[in-house]
Each structure stands twice: as C-alpha cells, then as structure tokens.
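Taken in order, the sequence shown gives residues 1 to 458; the numbers are from UniProt numbering.
Calculated from the structure, these hints are not laboratory results. Treat the numbers as computed from the prediction; the structure is a model and nothing was measured. A portion of the hints provided could be inaccurate.
Claimed, not checked - For lysine-lysine, the following DSBU-like pairs were computed, each having C-alpha atoms within a straight-line distance of at most 30 Å:
1) Lys258 - Lys219
2) Lys258 - Lys172
3) Lys268 - Lys219
4) Lys268 - Lys258
5) Lys172 - Lys219
6) Lys391 - Lys357
7) Lys164 - Lys219
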Amino acid sequence: MKSAIIVVDEKSTFGNRWKKNTKNNNTMIPVLYLLLAALCIASPIAQATATSAKSKNDVCSGHRVTVPFSSRTLLPLNHRHGPCSPFPSSERRVPSMSDSIWRGSSAVAKRPTAPTSLETLEYVVTVGLGTPAVNQNLYVDTGSDVSWVQCRRCPVPAACHPQKDPLFDPAKSSTYSTIPCGSAACRSLDDYGCSGRLCQYAVAYGDGSNTTGTYSADKLTLSPSGYAVDGFRFGCSHTAQGFGDDLADGLIGLGGGKPSIVSQMAEKAFSYCLPPSASYSGFLSLGAPPRWSGFAVTPMYLVDTHYLVFLQGIVVAGRRLRVPTSAFAAGAVMDSGTLVTQLPPAAYRALRAAFRKEMRSYPLAPPPSDIFDTCYSVLNESSSGGDVMIKVPSVALVFDRGATVELDRSGVIQDGCLAFTSNDDDASVGIIGNVQQRTFEVLYDIGGGAVGFRPGAC
C-alpha cells in the first residue's frame with residue numbers, strides 16, 4: 001500500500017440525538033518490473049508493511065497521550081464501532097440507520113428532510129450498577145437527562161433491543177429500590193406517570209426512538225476507579241424501541257436537567273475527550289480538574305437540558321471570515337450525540353467558500369450524502385494510502401470572550417468532506433457536533449457557567 005503524506009496548513013491564529021525510457025531496453029522493462037514485484041511480494045519487510053497497513057485500523061491503540069489528573073474519576077470512552085469498542089468484533093461495522101447523523105436527542109436539532117446513511121459517532125463508557133456491581137455499557141449523551149438501562153424482564157421480547165450483556169436484574173441487587181409515584185424525584189421528570197405506587201418514566205428522542213419503564217435507584221460504581229454514587233436515579237427500561245441493532249445496555253444522561261447524573265453529584269462539572277478515530281480511546285471524567293490551565297474558556301448558558309454557547313467568528317487558514325457576529329445570535333448547543341456542526345447559513349456559506357478556495361488544487365467529488373456538499377476524493381484516498389500531498393486548511397472556531405479553538409484535522413474532515421452543514425435559517429439554534437470536539441478535553445462547569453476546551457487531550 002502506498003504511503004500518504006498529510007500536511008495541515010499552519011497559517012492559523014491558534015491551535016435530538018439523536019472521518020507516475022530507455023531507447024533499446026523496452027522489452028526488458030516489463031521483465032524487470034515483474035522481478036521487482038516478485039521481490040517486493042516475497043520481502044518480509046514488504047509483507048510486514050502490508051500487514052501493518054491493513055490492520056492498523058483493526059487494533060485498539062488506547063490513549064494517544066497520557067491522561068492527566070490521575071486523582072480524577074476517569075472512565076475510558078470508546079467509539080461503539082471500532083477495535084476499542086466493548087462490543088463483539090462481528091458487530092463493529094458501519095450501520096445503515098437513516099437518522100444516524102442526527103441521532104442526538106436534542107430538541108433544538110432539526111433533522112434533514114432526506115434520510116442519510118453516514119456512520120453515527122456514538123461513544124460508550126462502562127460502569128457498574130447494583131450490589132454486587134454488574135457492568136453496563138452505556139452511550140454518553142449531553143443532549144438528554146434521564147439515564148437508563150434495559151431491565152429484566154421485557155413484557156414482550158420484541159420490546160427490548162438486542163444488547164451485548166444480559167439484561168440488568170433488579171432482583172439480584174441488594175441496593176435496588178423504586179422511586180415512589182408523586183415524589184420530588186418522580187416529578188422532576190419531563191414525562192412521567194404512575195403504575196400503582198411506582199413512578200414510570202418515558203423518554204422520546206429526536207430520531208423517533210424511545211424508552212419507557214420504572215424509575216428506580218441503585219448504586220452506581222464508576223469503574224475502574226471504584227468511586228460510587230449511592231441512590232443513583234435511572235430508568236429501568238422495559239420497552240426500548242427504534243434503536244436498531246445497537247448493542248449498548250442503555251444511556252447515561254449528561255444534560256443539565258434535574259434527572260441528569262451531573263445534577264445528582266455534589267460537584268456539578270464533568271468533561272470528556274472524544275478520540276480522533278475509533279482506533280483510539282478517549283475518556284469521561286466526572287468532576288472538575290484541579291486547575292484550568294490550557295483551557296480556552298467561554299461562557300455557557302443552561303437552557304433546560306441543553307448547554308448553549310455563542311460563536312463569534314470562524315478562522316480559515318489564519319484568516320477570519322467576514323461574517324457579522326450577529327449571524328451567530330441564536331447560539332449553538334454543545335451536543336455529543338450529533339455528528340457534525342450546524343452553522344447559520346451565512347456562516348456556512350463563508351466557511352465553504354474559504355475552504356474551497358484553499359482546496360482549489362483538488363477537484364470536488366460527489367458527496368456520499370446530501371448532508372455534505374464540499375467533498376474531495378483525494379481526501380479519502382489519503383486516509384487509505386496514496387502518493388499525494390494534501391494541504392488541508394486549518395479551521396478555528398472563535399467563541400464568546402475570544403476563546404479560540406483550532407480544530408484537529410479529524411475535526412475538519414469527515415468521509416472526505418468538509419464536516420460542517422447549514423441550518424435552515426440564521427434564526428435557528430446551531431449545534432457544535434462531536435466531530436469538531438475530537439481530541440479536545442471539553443469541560444462543562446455547570447456551577448460556574450462555562451465550557452472549556454483543552455487541545456490534544458486524547
């Protein structure tokens with residue numbers, strides 16, 4: 001396989017749920033090529049190189065950097081489709097869910113009118129639930145509040161989606177309890193009801209999937225640290241529909257509402273780092289770091305469940321785009337459950353024009369989905385091998401109070417395309433998607449009303 005050289009332009013300012021003659025030897029040339037080819041094929045070095053190139057995406061490389069702050073509650077965070085996934089290797093494939101790119105639960109997210117088939121980027125952590133603790137592999141979602149797991153027994157087998165692990169059995173946990181109907185915890189839910197004296201919850205996500213069951217409490221152990229949250233409130237799901245062949249056991253809600261795990265903890269802060277690809281691990285940390293050094297910090301506003309921030313501008317290849325600050329007046333939601341960032345139309349048009357100008361040496365290619373409109377086949381070739389030198393312009397997002405976040409290359413390109421899209425109008429709330437958050441430790445300080453970005457964290 002041919003090697004690829006990727007060059008990132010360094011001209012920058014800063015670094016609802018729901019990635020070709022000889023005259024007399026013409027006859028000898030084919031023979032020489034055949035001999036050279038045979039030698040290359042037989043060469044142990046060539047074979048090792050080919051094997052390495054073929055399998056490099058099939059090996060979990062763990063953390064790219066040393067994760068700091070060892071005293072914090074850190075959980076490995078992995079993409080559900082990849083070598084680091086906790087799910088069986090036979091299931092690590094690109095899904096074909098029509099809503100995958102917009103899977104997040106955010107109520108402000110607007111789904112496209114046409115279906116898409118791009119891979120959804122959902123991340124999974126492993127926690128322990130109950131006494132004794134039983135491992136549960138849960139999706140991480142900043143766009144929803146209610147955490148839930150599938151519980152025994154499903155009233156109808158088809159009512160529960162398939163998962164890797166056995167269903168959680170409340171009867172086997174000595175610390176399990178149900179939430180009484182009419183209690184403050186029950187009333188904190190957006191959608192609840194009663195079955196006898198038991199509180200019942202219901203959650204419907206932006207892509208049409210939903211879960212219902214008994215609102216419960218049990219001990220949550222944040223493996224592998226051993227730190228535990230007693231009386232952790234969650235949904236014991238008896239019906240989960242619309243999740244396709246997802247193998248996760250449930251979801252952990254990191255939104256800003258009262259049912260969220262964040263609201264149930266003494267320290268109202270958390271952070272995560274999404275890895276640059278599925279071949280690496282990131283992390284989830286509950287609590288704030290001992291210091292804020294290295295973070296670009298911007299104000300954050302809690303709107304119900306959602307974490308709202310304000311962009312002020314965009315920088316491409318070191319030049320700030322001529323987009324008025326007023327274009328971003330509607331704000332943008334930080335969302336781990338939506339794939340790519342959605343910008344106001346005026347901002348997206350300016351970004352697209354500047355990016356295409358910097359990439360003018362390469363021809364545009366047909367997009368893999370109607371979501372994207374600025375794609376280059378050469379970018380896909382570079383990720384799989386090829387003797388092409390690709391200059392990808394740097395892109396930085398400028399947030400309120402001057403917090404400038406220069407995106408990692410993996411946060412600029414997705415499937416060979418510019419990884420941004422446009423809202424329907426400038427008045428719509430935007431979304432900062434998870435592709436743009438890759439490799440940053442994104443810190444949510446709910447008590448302090450701020451979001452911080454620390455580059456190169458995973």
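Quiz item: Going back to the hint list, which numbers does this structure go against?
Solution: Every hint satisfied by this model.
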